[in-house]
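Protein chains: 4
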Amino acid sequence: MKTIQLHPGKPLQKALELRETDTPVPGDGQVLVRMHAASLNFRDLIVAQGAYPGTSKERRLIPLSDGAGEVVAIGNDVTRWQPGDRVVASFFQDWLDGRFQPAHMQSALGGGVDGVLAEYRLFAQTGLARIPAHLSFEQAATLPCAALTAWHALFERAALLPGETVLVLGTGGVSMFALQLAQLAGAKVIATSSSDDKLKRVAELGATGLVNYRKQPEWDKAVLDLTNGHGVDQVIEVGGAGTFPRSLAAARTGGRVSLIGRLTGIEDRIDPRPIMAKGLTVYGIYVGSVAMLERMMRGIEASGLVPIIDRRFTIEQTSDAYVYLESGKHFGKVVISI
Amino acid sequence: MKTIQLHPGKPLQKALELRETDTPVPGDGQVLVRMHAASLNFRDLIVAQGAYPGTSKERRLIPLSDGAGEVVAIGNDVTRWQPGDRVVASFFQDWLDGRFQPAHMQSALGGGVDGVLAEYRLFAQTGLARIPAHLSFEQAATLPCAALTAWHALFERAALLPGETVLVLGTGGVSMFALQLAQLAGAKVIATSSSDDKLKRVAELGATGLVNYRKQPEWDKAVLDLTNGHGVDQVIEVGGAGTFPRSLAAARTGGRVSLIGRLTGIEDRIDPRPIMAKGLTVYGIYVGSVAMLERMMRGIEASGLVPIIDRRFTIEQTSDAYVYLESGKHFGKVVISI
Amino acid sequence: MKTIQLHPGKPLQKALELRETDTPVPGDGQVLVRMHAASLNFRDLIVAQGAYPGTSKERRLIPLSDGAGEVVAIGNDVTRWQPGDRVVASFFQDWLDGRFQPAHMQSALGGGVDGVLAEYRLFAQTGLARIPAHLSFEQAATLPCAALTAWHALFERAALLPGETVLVLGTGGVSMFALQLAQLAGAKVIATSSSDDKLKRVAELGATGLVNYRKQPEWDKAVLDLTNGHGVDQVIEVGGAGTFPRSLAAARTGGRVSLIGRLTGIEDRIDPRPIMAKGLTVYGIYVGSVAMLERMMRGIEASGLVPIIDRRFTIEQTSDAYVYLESGKHFGKVVISI
Amino acid sequence: MKTIQLHPGKPLQKALELRETDTPVPGDGQVLVRMHAASLNFRDLIVAQGAYPGTSKERRLIPLSDGAGEVVAIGNDVTRWQPGDRVVASFFQDWLDGRFQPAHMQSALGGGVDGVLAEYRLFAQTGLARIPAHLSFEQAATLPCAALTAWHALFERAALLPGETVLVLGTGGVSMFALQLAQLAGAKVIATSSSDDKLKRVAELGATGLVNYRKQPEWDKAVLDLTNGHGVDQVIEVGGAGTFPRSLAAARTGGRVSLIGRLTGIEDRIDPRPIMAKGLTVYGIYVGSVAMLERMMRGIEASGLVPIIDRRFTIEQTSDAYVYLESGKHFGKVVISI
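Here the protein sequences come in this chain order: X, R, D and G.
Numbered according to the working numbering, the first sequence spans residues 1 to 338.
Numbered according to the working numbering, the second sequence spans residues 1 to 338.
Numbered according to the working numbering, the third sequence spans residues 1 to 338.
Numbered according to the working numbering, the fourth sequence spans residues 1 to 338.
In silico lysine-lysine, DSS-like type, Cα no more than 25 Å apart, as pairs: (1) 10/G with 329/G; (2) 278/G with 57/X; (3) 329/G with 14/G; (4) 278/R with 278/D; (5) 278/X with 278/G; (6) 329/G with 198/G; (7) 215/D with 200/D; (8) 57/X with 2/X; (9) 198/G with 221/G; (10) 57/G with 14/G; (11) 278/R with 57/D; (12) 215/R with 198/R; (13) 57/R with 278/D; (14) 200/R with 329/R; (15) 57/G with 278/X.
Covered stretches of chain R (in silico footprint by chain X; criterion: 3 or more residues with CB under 8 Å from a CB of chain X, positions within the stretch not fixed): (16) 162–170; (17) 180–188; (18) 293–299.
If you are wondering where the hints come from, they were derived from the structure by calculation, not from laboratory data.
The C-beta atom is built at its ideal place from N, Cα and C for all residues, glycine as well.
Model the full structure from these sequences, guided by the hints.
Right under this line is the structure:
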């Protein structure tokens with residue numbers, strides 16, 4: 001079978017090597033999945049640098065956490081799946097339900113353990129979720145990391161109410177999923193971008209408030225204006241340099257700020273007074289559990305939500321896909337067909 | 001000004017008397033509202049019998065809790081409203097936010113205190129909520145009791161998630177609002193009725209599961225079938241005779257049953273084992289606070305939800321409206337224009 | 001090794017047979033525990049009748065869910081335990097954390113699977129919790145079912161606040177643990193019993209309100225009197241005949257009723273109006289997860305709580321222990337030393 | 001009657017002037033309280049500088065939020081109180097229950113409105129709470145701001161469980177109340193101080209973990225050592241310079257950080273990665289509502305908790321009291337008898 005091997009730390013064009021290896025055989029409780037598609041996240045660029053927790057420049061691994069495929073064989077004691085089932089893999093293979101534990105960290109696909117960019121991949125039967133009927137493998141492959149992060153932020157730590165307003169920053173994967181998921185729960189969305197073209201597309205996706213932060217560098221004030229001075233109920237703070245203080249300013253009294261994607265060591269000079277004075281709650285969000293993934297899949301199936309795919313690459317074009325993601329030109333997810 | 005006076009305990013045709021009284025003047029912190037519409041709830045029939053808590057056959061009162069109108073005058077220290085504002089009155093005038101307290105009970109409009117079926121009505125400035133722009137007075141007048149009860153059940157005691165399934169029993173006001181509100185939050189709805197005609201209308205409103213409980217008296221089993229044997233995530237149990245045990249049976253393990261509208265002394269023979277064995281949570285729901293009403297109004301405004309009005313009456317036809325409601329023929333709300 | 005084999009459905013004196021079998025060997029991920037003590041619950045009487053879910057008069061099994069012992073051997077891949085560790089077994093072996101699922105039911109020790117009344121017992125490494133340092137094996141053996149049920153009711157579904165009042169019914173295992181656990185969280189306890197002698201002992205354990213329900217059959221009114229008419233914040237309703245309606249009456253507006261131990265088919269004639277009129281929440285409680293067990297163990301360790309043991313039996317006296325439990329004369333737990 | 005008038009911005013010795021004014025008369029819904037004691041908070045030093053939100057160097061006001069006294073007269077429509085009742089005033093007079101709203105900010109005693117340092121003071125009947133029977137006026141006067149802040153952090157935003165560990169920073173008022181309140185709920189406490197003498201006193205109050213941050217500047221590592229590397233369940237972060245990053249480091253995965261008292265513009269250079277990587281929740285806490293105050297009073301009454309008073313001053317010594325508080329030598333609360 002074909003698989004990609006990542007050499008963290010090398011230049012992207014040389015870091016991703018296509019190899020042939022033996023197809024594995026499922027052991028007890030294991031499921032063999034023929035992977036059909038994978039998707040990239042910003043996190044995968046950090047992994048490629050060897051800077052992701054649990055990775056290093058010494059250890060080679062199969063990259064990417066997000067993949068979808070079809071069950072082709074099952075081991076003994078597998079009760080949940082049978083050949084033909086269409087599945088995605090859970091980002092954290094060991095975080096099944098309940099509280100996140102430090103030990104779960106090591107089970108992150110494409111980080112602590114090998115990822116999904118291979119023709120075949122073994123998973124524990126507890127580490128998979130069913131793909132909604134209306135989605136293709138490529139569409140489903142976009143969900144396990146970015147969409148689940150957005151779902152976790154919007155629905156699992158605190159309840160998003162119909163009629164509330166959510167602020168999403170930029171047009172990356174998590175933000176665009178938050179835009180879509182918030183709307184299917186009856187909430188309104190304000191979005192920021194540096195590009196009027198992207199804002200136009202965001203408006204087509206349903207955002208009712210648009211802020212070009214290049215034209216309005218004090219974008220928190222623009223957000224307050226759009227909410228009659230009240231501020232938004234929830235901010236999906238995906239963490240560019242210097243955004244956190246403005247996110248605090250843009251939240252309403254009693255509001256929620258979901259802190260996501262702070263993988264790199266950007267330090268912000270923060271005046272924490274608004275957290276106290278406005279009684280804010282700041283939630284750290286790090287993808288989610290298998291149980292959350294299952295709940296999200298039900299929500300996506302019920303609503304017919306379709307992920308936004310920007311561009312497709314083949315497994316042979318993996319390096320090109322990484323370079324394209326790094327360019328920041330995308331709007332929506334970058335997918336690799338396997 | 002015109003007002004209706006209710007003599008609880010009399011036959012409906014004689015119990016509701018149209019009278020002329022003086023128009024009141026707002027005191028400190030009070031708001032005078034020109035009422036334009038009111039709506040009826042099943043509870044108002046109980047009040048008319050003198051059987052509602054806080055009412056008696058001796059005390060006459062202005063009936064109905066649900067009304068909408070326009071602010072026409074304000075007293076001193078009124079900061080929230082000004083003439084021209086379109087408002088509904090809160091069912092509980094004194095339950096502003098936070099926990100329900102026994103003392104709040106006495107502030108129920110059309111029960112512990114006079115209701116809204118009058119041309120003019122004084123309210124404390126804290127007992128009103130703004131009408132969404134897309135709704136008429138008649139549409140808004142349907143919301144304070146039945147819709148808020150459904151909102152409270154779906155969103156305030158536990159979080160309804162996109163993709164969850166809600167079971168509504170029958171086609172009364174609370175059930176139809178629950179049908180509409182659950183959908184705008186991304187949930188799916190199963191509805192029951194004794195009439196295929198009504199089920200057809202419920203399907204047009206978006207219900208994806210339909211059960212005629214006359215044809216399928218063991219409707220809990222039909223609901224289990226519709227959910228692959230899992231049961232629904234939440235039941236809106238509005239309390240006909242003998243429904244509670246089946247509602248418990250129709251809920252999934254870990255599910256929620258919202259108990260609503262148990263105003264009369266129907267006793268059920270209940271086997272409480274499913275509550276324990278399935279780890280259910282049963283929530284008693286009794287309308288809601290002013291803060292909940294405001295949150296619901298935002299949700300309705302964001303979604304453009306339009307209440308279902310069955311029939312309109314004039315204030316002179318008040319008795320006819322009551323008799324019509326009692327007949328049970330309606331689908332949606334019965335409204336009185338003032 | 002010695003083990004007890006239960007023949008459900010036989011008279012107690014003949015149903016429990018002492019046998020010799022081979023000592024098992026731990027497989028991958030398994031732990032061998034030398035059991036030192038077990039304790040009985042009311043549920044074990046139901047199992048002995050063959051009436052417990054998942055049991056039958058045909059299937060023989062090792063009885064009892066509650067046991068404590070010492071790790072003596074571990075299989076491959078066991079990372080959590082090593083020989084010498086003192087452990088209790090979790091009631092549900094498969095409910096690790098998060099939501100209860102129907103499949104977890106079959107993993108109940110001494111019910112769906114063999115229990116702990118044996119000299120040696122294999123467990124998955126995920127199905128155990130560490131014993132607090134201040135407790136003996138006998139004391140620890142009382143905790144997995146009754147204490148965890150009380151913990152779950154008091155702390156896991158809703159927050160018990162310091163200064164709140166909890167009502168416990170009777171002096172069975174769950175009620176006495178609820179008495180102790182509620183107090184260590186700063187709450188006050190009202191207890192009922194049919195015996196003044198038992199009430200005296202309950203007072204020594206810290207209960208500040210005492211009601212003899214034989215002398216005061218309308219004990220709900222006595223509870224209201226003890227709370228200045230407000231009612232208690234939480235009721236631990238362990239389910240004798242006819243108690244549920246009085247529990248609803250004894251709860252404050254907005255209060256919580258935890259429904260526990262409804263294993264047998266007692267039907268109550270219930271007027272559900274108080275659930276709605278007082279906005280109560282009724283929680284069905286069925287023991288708890290391994291994660292809850294671990295949290296409880298921390299709470300017990302921090303507080304130095306010591307379980308109340310009524311009487312000790314040897315494994316050879318197992319039938320006597322069952323008969324004694326059935327007599328209802330005990331105050332606190334009945335323990336079997338192995 | 002005597003009252004103190006504060007001139008914000010003046011040196012402390014000149015800023016606090018003793019004056020004679022007329023005793024007010026209660027209007028509708030108002031209660032006249034003979035104040036017997038008041039207590040100081042760090043916040044009152046900020047007010048004295050004119051730097052507190054809603055204050056200025058131009059506006060003179062009666063200072064201090066925390067006071068206790070006896071009801072001596074009531075106005076019309078007062079149903080909750082009668083002469084002789086012993087009461088404390090709520091920090092926020094208008095935040096009764098439910099969500100904090102921006103408008104509530106202006107109702108802070110000794111800030112947006114006049115405070116309690118006067119022989120007599122009028123309050124709305126809704127702005128008071130009853131004093132537990134075991135507390136003197138001086139003891140009760142310490143509770144409304146610091147103790148309620150600690151209560152809010154520990155019990156109202158998330159549930160503190162028996163057996164959890166709470167970290168308190170320094171020995172100020174909020175931290176010492178958090179130490180006492182956490183213990184009465186069955187939790188363990190780790191405390192930091194720059195003084196071994198103070199740590200000794202903290203140990204006498206029950207803290208089981210002690211860290212001298214002068215001797216161990218990397219005190220977060222000492223806290224991790226005290227918790228077997230896991231970190232604490234909750235941090236009461238009262239906000240000295242540079243503490244926030246260490247508080248994040250000292251919290252367990254999934255832990256809670258309560259951010260309190262950030263009144264001044266200290267900016268921290270924060271690396272927000274731990275918030276995300278450990279899935280922390282950061283709660284901004286700003287005193288609390290009247291309903292929270294009532295709940296805390298019940299908890300204090302049930303437990304017999306006695307606040308720690310460091311030193312008492314007379315109203316004539318008000319300036320001395322402020323200067324003493326500013327010196328930072330106190331351990332526990334500084335009280336003024338009126």
